[in-house]
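Trainee: Fit chains B and C to the supplied structure of chain A, relying on the hints for placement.
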Amino acid sequence: MWAYAGRRLLLAIPTLLGASIIVFAMVHLAPGDPIAAVMPAESSQAEIEATKRAYGFDKPLAVQYLVWLGRVAQGDLGKSIATRRAVILDVRDALANSLVLALSSSLLAFALGLALGLLAAFRQGRALDKLASAIAVVGVSVPHYWAGIILIIIFSVQLNWLPAMGAADDPGVLPYLRHITLPTVALALIPLGVITRVVRSAALDILNQEFVLALRAKGLAARRVFAHVVKNAAPQILTVLGLQFGFQLGGSVLVEAVFSWPGTGYLLNLAIFQRDIPVLQGVILVLATFFVLLNLAVDLLQTVVDPRIARH
Amino acid sequence: MAITTARPDELAARVTAPMSYWRTVAWRLARDPATLVAGAVLVLIVLSAVLAPWLAPYDPNAGSIRLRLAPVGAPAHLLGTDEQGRDMLSRLLWGGRMTLVAALTPVVIGFVLGTGLGVLAGYVGGLTNTLVMRTMDIFYAFPAVLLAIAISGALGPGLPNTLISLSIVFVPRVVRVAESATVQVKSLEYIAAARASGAGVRAIVRHHLLANVLGPILVFASTQVSLSIILAAGLSFLGLGVTPPAAEWGLMLNTLRQSIYVNAVVPALPGLAIFVTSMAFNLLSDGLRDAMEIRA
Amino acid sequence: MRRVVILLLAAVLSLSWTDPVLAQGTLRIGMTASDIPYTGGQTDNGFEGFRFVGYQIYEPLIAWDLTRGDRLAPLVPGLAESWEVRRDQPTKWVFKLRKGVTFHDGSPFNADAVVFSYESIKKKDAPHFDSYGSGQVSFRLASLTGITKIDDHTVEFETNKPTSFVPYQVCYMLIVSPTQWNKVKDWRKFAEQPSGTGPFRVTKFVPRERLELEANRSYWDAKRRPKIDRLVLLPMPEPTTRLAALRSGQVDWIEVPPPDSIPQLKGGGFSITLNSYPHNWTHTLRLDKEPWSNKLVRKAANYAVDRVGICKSLLNDTCTPATGVVYKGHPWFGKPKETYDYNPAKARELLRQAGFDGVTKRPARAVHLISTSGSGQMLPLAMNELIQKNLKEVGIDVDLQPVEWNTLLTRWRAGFKTAENEGLNAWNISWNFLEPWSGFGRFFHSKAVVPVAVNTMPYINPEADRLIDEAERTFDVGKQNEILARLHELVVDDAPWIFVVHDQNPRALSARVKGFVQPQSWFVDLTSVTVR
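Here the protein sequences come in this chain order: A, B and C.
So in the working numbering, spot 80 of the first sequence is number 80, and the numbers just go up one at a time.
Quick note, the working numbering runs 312 ahead of the 1-based positions in the second sequence.
Quick note, the working numbering runs 608 ahead of the 1-based positions in the third sequence.
Hints listed in this document are in silico derivations from the structure and should not be mistaken for laboratory results.
Any given hint might turn out to be false.
As a list, the in silico DMTMM-like pairs of lysine to aspartate or glutamate whose alpha-carbon atoms are at most 20 angstroms apart [as the list claims (entries may be wrong)]:
#1 C:1055 with C:1078
#2 A:231 with A:299
#3 A:130 with B:344
#4 C:1000 with B:371
#5 C:700 with C:1078
#6 C:731 with A:76
#7 A:130 with B:449
#8 C:812 with A:299
#9 C:831 with C:689
#10 C:797 with A:76
#11 C:797 with A:129
#12 C:732 with A:299
Footprint (simulated), chain B over chain C, 3 or more residues, beta carbon under 8 angstroms [said to hold, decoys possible]:
#13 860 to 870
#14 883 to 891
Quick caveat, the model's predicted, so the values are computed rather than measured.
Cβ atoms here follow ideal geometry from the backbone N, Cα and C, with glycine treated the same way.
Chain A with its partners taken away, still in its complex shape:
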């Protein structure tokens, strides 16, 4: 198992490096002088010179990349053009907010998805199955930003129950919960659909195995069948959960845009319109790294749950 873990870790490194190359290249994709992409227009000559030295803009591209990579490894993601704060600070704050949203949304999607998926599998072909599957298909098909707008229309505009934007201004758990409710629901819809479908499919696979059918025919207690299903479906469920958490973290841009939730998505959106390339680079790199590490963790966790996987 450790050999497998070691191999996966080793594989993750070139992936991360490749991702970093793409992110580095963004500075040179943007129109205009690369220095203009990282410095505000009214910078003094001294500041421009200092930045040129720090980025190594006069050196060949490969050297520039290595210099940039070295700084990134030390946690220096450059300075935001708009706020002139260290990018790492902005990204850190935004990431915290996005993590909270992704976690709460994952909890909702996982709990409901697991319940619905298992329900559908154990009641296959019957009304409950059809209902659960219908909910799942709706979940997967709905554009979550539209769902967010609809939620705002219903709960904020018409009923005035819940706030429509941002994280809470007043301190306290309750205001925060009120603010996070609508974005959580909107972001949870697609993962809910996916998880339900995967859980249902995985559970059905196991339930339809011959020896399980035989055991049920022989009258094995429902609770034990249930436990068996859950245990054997666990690897697949874990995988999809990990992937969906990654989707919610990296893909929260659209929901954060609708609700003005101050997370990485909101930061990304703002940075695009501000042409703030250092922030863009920082956010994407951090999110990609997170995603790669998350996938790695999920893979490793899978081998713990089902050691057979490690062998291939």
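Mentor: Chains B and C only, in chain A's frame:
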């Protein structure tokens, strides 16, 4: 997430008698009510998009500012007017064209390029395989939404840039599926026998390999259409895709957002269109998968 | 089990409790800016930055009287008690500073602070030079070339030539605390713990999210000490977000509510304040490149825009049509020859005269940089879509490129001739005409070409130069107004801009906010406001 194709014996059965297999698939498709309804809805949507120039009652860009935000059922405007006074029905029809083009093109490109690359990597194996697959891994490291936004953000708005960025999102995914399917089929004794009998690589690929890997790849590609629609419209929603005054469902959702306090129904229409189209594609791809007995 | 159910019920019920507890006397404002304006002295984000940050934390030597709404806001003594130009040397102005004023950090306000602040903007080699802040405001102080400390409470400004415009430039220079700066020796750190003399002081600064201020109880003007305890500023660039926040009670005051929601807001007990102010919303055209290098095409564009449609139908009467730099009734309006009413037929005729038939021969395609929101920008996306359509209908094609507001300002100040801006043909920026230099001088004088000031077009007209110079030399307001009226007629005829509308500065306030007087100005006085 790897697609595991059917069991070897099923695969062998499919390989040896391809014609009756596809006929079986078609028969199965026709018997599933959900798939039929979805298919019908899709045909309607695609037809209305293709025939938009003739079906639309007005020019999608024409309108009087004085008639803005008319509600559904207003005289002369069946589905109301938008915030600039343009007819919603016409814009939804034309918008469907734009959205479908923006969403389907990258999937098609992904399908073609991805199959090519994936089959190559799967069949040739060795260093080529490692090179291709590890490169695809790098792009896979980014969640789809993030990658699309990052590339669009750097390139700028506009339909061509959207197509580029979404294609870059989908090609790696198809490559993975294609490579995995190729590897599985390649290992069949049938292929080894063909090779032993001296059949050329191109003949093997064309006659035996492609016919059998296209199935799972097609199913996978069809599951990606819904995501592509949501992404393409989402990019326009953020201001990164199609630019005003073009009619496109995501862009319409964005510009109408301001108006939800005045008239809640009209702003919801473009999103409803995205939702229905996306769901129809999902149901269809589900049906296809069930009919082909592919387990995802 | 029952306990769980009760707990769940309680949680659900409490979620629907909509009226949050608030500190009395806290005013929460939703701004159109997408980030907190720069707090390090010379603020950014345009005049919205001045309005809520610059003029609240800091003060200039000469300030605006914002207490009345029935007349254009005039200049009054701020941190300077009096000022006058020296009779013997008309390029020197002597300012007598107010005594007994302290900064938020406790240090005294004196001539050293004024010199320090001036140098932070103008003296590039000074250790306390603020390159960012300087970039924001330096062009507004174009005539000031030097400063001397006469004594602890007297300074003398030097100008490049005799000019009556000095007070109108000095009012934009905010005074920062040298003592505080010397503690941190860095403008970014200073911005996190700012120190000025203004009626509010910063207590909490969360970048991109909120700025919290408290009343300055030791503010020097006892009549204008704030009646509220706390001021909270929240960036909300999306109009629907602002509206939602106001309706749900998250904020008490929003800038630029979505015009469509105004009837609803009024019905819901909110008040909408409107007033005219020296604002125009334009497309500032690039004059050295096709298509706008052709005067006939520019005039045609001005006849193609449906201004009444914008104001009545799109913006619910929160603006008035603009057919020039200033509005009719303003002392500088004069009698321009062109009326620029909505006349697409005339527009097409003008284009035909220019050689374009609208079918096979159309003017070159133009690319206009617009913003997504921002100070004075009103509802840029919707308005620009309509203008784009209007222009297309007469045969002029325009592509719109939206960027964030502060980004637009940065690119504008650099001018059209940078690599990034080379492909552009216009900026959509709202301008002020608070005084002659802001209204005309910085745009229409040949000496104001970038980078000295912001004549980016560039507009070169010797007659305009002559009129501006004459106005600058004239210290008599009546005569000055006449000269500027002639200048206005000239500019309207030349059509270097597409004139669109004058904003009426709509704001929406909750019923809890009382005591606010909306002045005829870009700025506001928050010290008279109370929040129940």
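Trainee: For a quick check of understanding: which of the numbered hints are violated here, in increasing order?
Mentor: 6, 7, 8, 11, 12, 14
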